[in-house]
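Participant: Residues per chain are reported as follows:
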Amino acid sequence: MSSIHPALILLFGSLLLPLLRGNARKTWLILIPVIGFINLLGIDVGTVRSITFMGYELEVLRADKLSLLFGYLFHIAAFIGAIYALQVKSHVKLVTALMYAGSAVGAVFAGDLLSFFVFWELLAVTSVFQVWMGGRKNSINSGIRYLLVHVSSGLLLLAGAALRYQETGSLDFGHMELVGLANWLIFLAIGIKCAFPLLHTWLVDSYPEASPTGTVFLSAFTTKVAVYALARGFAGTEVLIFIGTVMTMFPIFYAVIENDLRRVLGYSMINQIGFMVVGIGIGTPLAINGAIAHAFNDVIFKSLLFMSMGAVLFRTGKINGSELGGIYKSMPWTAGFCMVGAASISAFPLFSGFVSKSMVMVAAGENGMLGVWLCLLFASAGVFHHAGIKIPFFAFFAHDSGIRTREAPLNMLVAMGIAAFLCVFNGTFPWLLYSLLPNEVDYHPYSLTHVINQTQLLFFSALAFTYLKLSGIYPPELRSVNLDADWFYRNGLQRLNRAASWSLNGLNAWAHRVVVEGLVHRLNHFFRHGPARFLVLLMRPYWKLHGLSEEELIHREKALYVQAELGAFPIGITACLAVIMMAVVLLGLLPKPG
Amino acid sequence: MNSIGNDKETPGSEPEQEKKHIFDEPKNLYRLLGIFFFLCWFLFLSDLLFLYLPRHSSFHEGIFNAEGTFGFYGTYGFVACVILVLTAKQMRKFLMRKEDYYDE
Numbered sequence: 001m002s003s004i005h006p007a008l009i010l011l012f013g014s015l016l017l018p019l020l021r022g023n024a025r026k027t028w029l030i031l032i033p034v035i036g037f038i039n040l041l042g043i044d045v046g047t048v049r050s051i052t053f054m055g056y057e058l059e060v061l062r063a064d065k066l067s068l069l070f071g072y073l074f075h076i077a078a079f080i081g082a083i084y085a086l087q088v089k090s091h092v093k094l095v096t097a098l099m100y101a102g103s104a105v106g107a108v109f110a111g112d113l114l115s116f117f118v119f120w121e122l123l124a125v126t127s128v129f130q131v132w133m134g135g136r137k138n139s140i141n142s143g144i145r146y147l148l149v150h151v152s153s154g155l156l157l158l159a160g161a162a163l164r165y166q167e168t169g170s171l172d173f174g175h176m177e178l179v180g181l182a183n184w185l186i187f188l189a190i191g192i193k194c195a196f197p198l199l200h201t202w203l204v205d206s207y208p209e210a211s212p213t214g215t216v217f218l219s220a221f222t223t224k225v226a227v228y229a230l231a232r233g234f235a236g237t238e239v240l241i242f243i244g245t246v247m248t249m250f251p252i253f254y255a256v257i258e259n260d261l262r263r264v265l266g267y268s269m270i271n272q273i274g275f276m277v278v279g280i281g282i283g284t285p286l287a288i289n290g291a292i293a294h295a296f297n298d299v300i301f302k303s304l305l306f307m308s309m310g311a312v313l314f315r316t317g318k319i320n321g322s323e324l325g326g327i328y329k330s331m332p333w334t335a336g337f338c339m340v341g342a343a344s345i346s347a348f349p350l351f352s353g354f355v356s357k358s359m360v361m362v363a364a365g366e367n368g369m370l371g372v373w374l375c376l377l378f379a380s381a382g383v384f385h386h387a388g389i390k391i392p393f394f395a396f397f398a399h400d401s402g403i404r405t406r407e408a409p410l411n412m413l414v415a416m417g418i419a420a421f422l423c424v425f426n427g428t429f430p431w432l433l434y435s436l437l438p439n440e441v442d443y444h445p446y447s448l449t450h451v452i453n454q455t456q457l458l459f460f461s462a463l464a465f466t467y468l469k470l471s472g473i474y475p476p477e478l479r480s481v482n483l484d485a486d487w488f489y490r491n492g493l494q495r496l497n498r499a500a501s502w503s504l505n506g507l508n509a510w511a512h513r514v515v516v517e518g519l520v521h522r523l524n525h526f527f528r529h530g531p532a533r534f535l536v537l538l539m540r541p542y543w544k545l546h547g548l549s550e551e552e553l554i555h556r557e558k559a560l561y562v563q564a565e566l567g568a569f570p571i572g573i574t575a576c577l578a579v580i581m582m583a584v585v586l587l588g589l590l591p592k593p594g
Numbered sequence: 001m002n003s004i005g006n007d008k009e010t011p012g013s014e015p016e017q018e019k020k021h022i023f024d025e026p027k028n029l030y031r032l033l034g035i036f037f038f039l040c041w042f043l044f045l046s047d048l049l050f051l052y053l054p055r056h057s058s059f060h061e062g063i064f065n066a067e068g069t070f071g072f073y074g075t076y077g078f079v080a081c082v083i084l085v086l087t088a089k090q091m092r093k094f095l096m097r098k099e100d101y102y103d104e
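Protein chains in written order, with this note's numbering: chain A, 1 to 594; chain B, 1 to 104.
Honestly, the hints are just simulated from the structure, not real lab data.
Note that the structure is predicted; figures quoted are calculated from it, not measured.
Among the clues, some could well be false.
What the hints assert, rightly or not - Only pairs whose alpha carbons sit at most 35 Å apart, straight line, appear in this in silico DSBU-like list of lysine-lysine:
#, chain 1, residue 1, chain 2, residue 2
1, B, K20, A, K318
2, B, K20, A, K469
3, B, K93, A, K137
4, B, K98, A, K469
5, A, K137, A, K469
6, B, K93, A, K89
7, B, K27, A, K469
8, B, K27, A, K318
9, A, K544, A, K558
10, A, K318, B, K19
11, B, K27, A, K89
12, B, K98, A, K318
With the hints as constraints, model all of the structure from the sequences given.
Facilitator: And the structure:
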């Protein structure tokens, strides 16, 4: 019980970084997650710590198996990320990166919705720097979009938490049923960070715009905190099965035609989170375990894949499949690590995906969900196709792009090596990971059936790739942008704006032309010249009857015109008209007799 | 670009003559493909094992018997990927825009 709150070390330890130089800074950077991890080991299941804040009893620390597992995971991810980022000079980038990790740790240990909200917002605020400081063409704009989306998510969470407090009088963050506005708001807030379909575009928009190191941090925390929150709050919610299935399916199509290889990984990330969401939706102990175990493995192998692509970007300055190829000649180690990550995400036997993804599949089968199961199997084949083959193939092999560069820096290789080791370790000795899972499991991944089925599925997916590639049917990598749901706000809203601007400004211009320039002008003209003309028209026959000569007539008309325009009528006429007007009004208003 | 020919014909165009890498030699590529096709056959035929050994089904009896048929996983994987690629290729027709599409 001597441990301090696990988020504090990452949150505040990083603040010392700007004070240090050279090797001391590098050492401290690596030490922070290590110290945090040791501190975390001192926290046992069942530890609860509360503080009182403005009359609210806040459970800032509530440790159970679920939160502890995510706590360990985030420390490992921060450790790997820190090694990978050793060469980064920017203080802001590193400080915010570790604070980002600290926010994630804080969020998974928060026992009430208010503390959870605080860390949820901190996640958004600290992570956006990784996008902003990406140094790529669209980093700033993409970061602004990212921040807007995540702050909205935070506001929804806050609104939901406040409503819930009003209804139940409790801020406790536990299981919720998907009924009532409050819970729906919280669900939606988590859904945004979890990259639910149509809410997913922030992920594929911003992750490729971060720096090589930034994306590694980004990929580890935000979405996994959301997965944790779903498991904590909405386990067994049926709609999640549907949402998760859609998440596994649609990104793989995008991934096939996407050129930016880190964006391909972004799509495959949504696909992997889909498996977790399905598992949480099924809600049986096995399914939940599968979802959590897969979240653990996904952080490691997705970091590994992002690190290898980051290293390629770092060395060559290029990340598009159309511009890369043949890099294995210069970066053989990176290529090797990338393939370990690819094998893990594709769930090859002996690699980590194999021992976790299958738990979700088995749970779907046990519950007789044939449609879901067939979709997940399709997605398993698909993920191998785009993440397992496409990523290493187009980056490191394919046609020789002629790029010759150096192997990734040592620290990057070490970070990739550690991640690759963990992928293989979890794949070959899954029992350590299984022992940390929230539910008791009796699951054995290495049955003969499972191994043969899975390898057959993967090899024949590769066969399809080989066939399509050799026959020239496979779509070539093209420099392009593929429209996604963010079109609606990136372009749709812009068009709406343009349409509104065109129609409303047009209306305005029309009104100006007709009313201000036309009507007012004419009325003015009318009131200025109208009475005079009227009088002239009235007087002309009268004068003619008097037999005035043409010259005199013109003279009189001119005089009258000037008189009328100057308003030089006898005041009597005005008074007379006023009296008539008053009489009309009075007669109209007075009550009728009788 | 085939770098084998280049290296031989224009020595000295690069300060050091580039080392020949494993897939610069087409023979190695064919060898790899050969091993790969062999493994595919091997895995396909390894379903024969289940004629003698019990096969563990994902589903309870009667829900989805096709899973146990010979070569189900291989066929499914192959067909799935072909459908995936052909569909994605068609998607390009109405989703693909120029790289600077969103730039103002």
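Participant: Hint by hint, where does the structure go against what was stated? Just the numbers, ascending.
Facilitator: 6 and 11
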